[in-house]
Amino acid sequence: MSDQHIEYAALLKRRHRISTCFEWVCRIATGSALLFLAVLLAGVIWQAWGWLDIEFLTGFDSRRPGKAGLLAGLWGTSWLILFTAIFTVPMGVGAALYLEEYATDNRFTRLIKLNLSNLAGVPSIVYGMLGVTAFVRMFGMISAADGWTLAVSLGFGTLEIPLPLGRCLLAGSFTLSLLILPVVIIASQEALRAVPPSIRHASYALGATEWQTIRYQVLPAAIPGIATGVILALSRAMGETAPLIVVGAMSYVAFTPGNLDTPMQAVQDPQRVLDAPFDVFTSITIQITNWIEQPKEEFQNLAAAGSLVLLILLVVFNATAIVIRNRAQKKISW
Amino acid sequence: MSTASASSSDVTLSRATSSLHRSASLVRLKEWGIRSLLFLCAAVSILTTLGIVAVLFSNAIYDVSPRQVSPNGEVRTNEAFFQQVSLTEFVTETRWTPGYTEKHFGIMPLVCGTLMVSGIAALIGLPIGLCSAIYLSEYAARRTRSIFKPVLEILAGIPTVVYGYFALVFVTPYVLKPIFQDFLGFDVGVFNAASAGIVVGIMIIPMISSLSEDVLRSVPRSLREAAYALGSTRFDVSTRVVVPAALSGIIASFLLAISRAIGETMAVTIAAGQTAIVTSDPLNSVATMTSYIVNVSKGDAVIGSIEEKSIYAVGLTLFLMTLVMNIISQFVLRRFREVYH
Chain Y
0 MSDQHIEYAA LLKRRHRIST CFEWVCRIAT GSALLFLAVL LAGVIWQAWG
50 WLDIEFLTGF DSRRPGKAGL LAGLWGTSWL ILFTAIFTVP MGVGAALYLE
100 EYATDNRFTR LIKLNLSNLA GVPSIVYGML GVTAFVRMFG MISAADGWTL
150 AVSLGFGTLE IPLPLGRCLL AGSFTLSLLI LPVVIIASQE ALRAVPPSIR
200 HASYALGATE WQTIRYQVLP AAIPGIATGV ILALSRAMGE TAPLIVVGAM
250 SYVAFTPGNL DTPMQAVQDP QRVLDAPFDV FTSITIQITN WIEQPKEEFQ
300 NLAAAGSLVL LILLVVFNAT AIVIRNRAQK KISW
Chain Z
0 MSTASASSSD VTLSRATSSL HRSASLVRLK EWGIRSLLFL CAAVSILTTL
50 GIVAVLFSNA IYDVSPRQVS PNGEVRTNEA FFQQVSLTEF VTETRWTPGY
100 TEKHFGIMPL VCGTLMVSGI AALIGLPIGL CSAIYLSEYA ARRTRSIFKP
150 VLEILAGIPT VVYGYFALVF VTPYVLKPIF QDFLGFDVGV FNAASAGIVV
200 GIMIIPMISS LSEDVLRSVP RSLREAAYAL GSTRFDVSTR VVVPAALSGI
250 IASFLLAISR AIGETMAVTI AAGQTAIVTS DPLNSVATMT SYIVNVSKGD
300 AVIGSIEEKS IYAVGLTLFL MTLVMNIISQ FVLRRFREVY H
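Order-wise, the sequence lines are chains Y and Z.
Take the first sequence: its position 89, counting from 1, is numbered 88 in numbering that gives the first Met the number 0, and each next residue is one higher.
Take the second sequence: its position 266, counting from 1, is numbered 265 in numbering that gives the first Met the number 0, and each next residue is one higher.
For reference, chain Z alone in the conformation it holds in the complex:
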């Protein structure tokens, strides 16, 4: 009797476990399926990077399978930019005229324009950003900070095309013209590097102040108290203790902000104009790498022509410049970070 009941319960048990096994393997399959699906989602970001590199490489450096194109009856090979133009010319030539009949391909004017605009932006954005970070972290009361910080971040959320409009319609006629043209006697163009630089500078303020304020505030209180105990004023504490302790984070935020200024497009396209020349005059029109790409995209450059290919060479230069800045910034942050316990 007892053996019979035991064996019958064994049977039901084994039936139960076997069904459990079957459903367990199904569950495992489903789990594996979901995991693979999520993995694919994560892999999209890698694919994006590969896509960017492939697009820039195949159009700028080397096209694996150039095709014959004949848009206007003339047959030519659709080769990559650097298969048609030498790297030496690209780097050393000082004229950039891919759209003209006499074509010159020297990146220098565009790089010069980009550096001038981001230089002016840095001149305005870095000190104001850092000072407001110090104010928010060292001086402002908690309530003031909780109001000012989100308000400052609105500046970062304003679309760049609005900044461009502001530069063209307000900064040039109401700030630059009265000061530099009417008062100092310089010639201020409708499109100029200065107005673009100023608004890009304003644009990067919240980026610097927000990132720098975070690192300033992560400096432990004990360091400040020690400095006060030695008789320091607030100025001494801020500039000799807190800022040096947070220097790696501040420099990283500077580099990120400058990299953003280099890649900034619409404000510069609208306000800085499109004259690709090597110049040191910020009051006249310059072309930057980004504005050149936009203007060619807007125009009617034939697909496959050297003018159309040239935007990929410019894009590659831009991509490499911002990538190097970002990598240096991450390196600075990791290598020189002061760790407090």
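Bound-form chain Y, shown alone:
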């Protein structure tokens, strides 16, 4: 064997050793990310152990850790997400339909698309600042001191809308809606793009109009994809804290929005449902933040228990999204 060969063989061995080392570096990196996740979840569960019980879920916040509960936050978050969904879904899907089905490739369309990708990168706290100025104070057009109430009488109760809105639940929902709107639009666009053009052509060939094609062919085919995107976006809204703090969520509330404590009361006293959107509010995340900041040691356990409830809700949301996606994939075959 010549010197060159020996040298090459030695070098080759070294190169393979480097390659193996690199593979292990990459493995360890991935493993450490998974380890972080495991430690985080284990830590939260360990701290929450024994604190997450039925009294925690049915009681109001208290200065005494043993008696404090998450009920106000649970109702607050539920209302917030409900209204956010009501505003975001039609608006987001509508915008996606316009961009995918109607818009021609002109300057305005390009502006909207560029704008969407930039909006998705705006920090959530900036949305909070928009919310507090635009919704809570309504740009100061009506000063809070001489604000007035718009009363709309419905058959079963009166809808009392304060102007400006003030630090109410609806202002929080509006803010969260704007925050997740770009996410919903982008996800819906992808779902619409996945519907093959042949479906549309077939519908047009039968004499259907643009809207008929969308309503009866495109939308039904895209709904599983849209639903997945919407649920994921709503679960992001559920975990948001910063914009709600800026909009003015209460860190300590001992009642639920509209004093509606059980779903049964909605039927017995519909007025409470009408009051809820304009009431002050808190959320699960706000209550967690508040507990973290308390000096007493036991409040840290409450924060962990609250986090665990939030994580369980998120898991349920995400699992629903996955189930919808998998079922749709099985059903549709083009």
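Just to be clear, a hint being listed does not mean it is correct.
[What the hints assert, rightly or not] DSS-like mimics (lysine-lysine), calculated; alpha carbons at most 25 Å apart, straight line:
id, chain 1, residue 1, chain 2, residue 2
1, Z, 102, Z, 297
2, Z, 176, Y, 295
3, Z, 148, Y, 295
4, Y, 329, Z, 297
What the hints contain is simulated information worked out from the structure, not anything from laboratory work.
Since this is a predicted model, take the numbers as computed values, not measurements.
Starting from the structure of chain Y, add chain Z where the hints point.
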């Protein structure tokens, strides 16, 4: 006879077409209405951007119609932040004390805190994210990838307030204190930039690994096979062929992740504290731009006061910083993308 039948069929035909015309114009009106409605939905996103810009501009830079406010009896004009504070002071002053009697408005401490936290986050998140992207794309079997990728994405779905809790209750007392205080003898504060940076770093791992893995996998197989045919090891293929080919996408994912770290709020507010000073010590409390906004919003700053206006100036700085990062990332992606056929 034949003419009569022809004319009668003409009449019915014209009746049919005219009714068709009438309904056609109605249908057209409805189509136009729906189209306009959907257009308005799309325009909401533009309105949101305009709203953000208008809110930040009118409170931070120039208020078109400042009003007289008199909350505590003292009458003053509700002007925008930069109508009361000069831009020079904002940029060059090194103290940030809008809440004190002696007021200084230098953004430097807040920017310094933000950069320190996102710097630590980048130090942790970027290498781990990139390495796990390389592992998932180049080494892992398909089955492993299909399990690991969604599990990693759980990290991205955990609410930031939980990360903040984790930093405060676990990272500081069980990781930083034993290493830096008991072993190396430094002083570790209850609130510190390091713990916040670490959890924000963990938070951005899935973002980098997921985006980078997508671009790594879009590098065509033929390039890898060519490199193997020349006698490359896996390390050579990964670092000299695949990563350079996907560099634009990787850099774009880095920039997006750092922009996310800059805008991250709750983890930082909870774990990093609120001491607005220019410092290079990551083991003590710092204030970031986002945590300052949260703390003023939580406090009882009078609406229209300079302290309340200052959050808009900070918000504007934050908005511009993240916007520039996002635009650069999109530019890198478009300008330096390698296209393979």
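Tested hints:
Proposed proximity of residue 102/Z and residue 297/Z is supported: the alpha carbons are some 20 Å apart, at most 25 Å. Our distance criterion of 25 Å between C-alpha atoms is met by residue 176/Z and residue 295/Y, whose separation comes to about 21 Å. Distance restraint check for residue 148/Z and residue 295/Y: the Cα-Cα separation of roughly 39 Å exceeds the 25 Å cut-off, and the hinted pair is therefore not satisfied. Restraint check for residue 329/Y and residue 297/Z: not satisfied, since their Cα atoms lie roughly 49 Å apart, outside the 25 Å limit.
When each numbered hint is compared with the structure, violations occur for hints 3 and 4.
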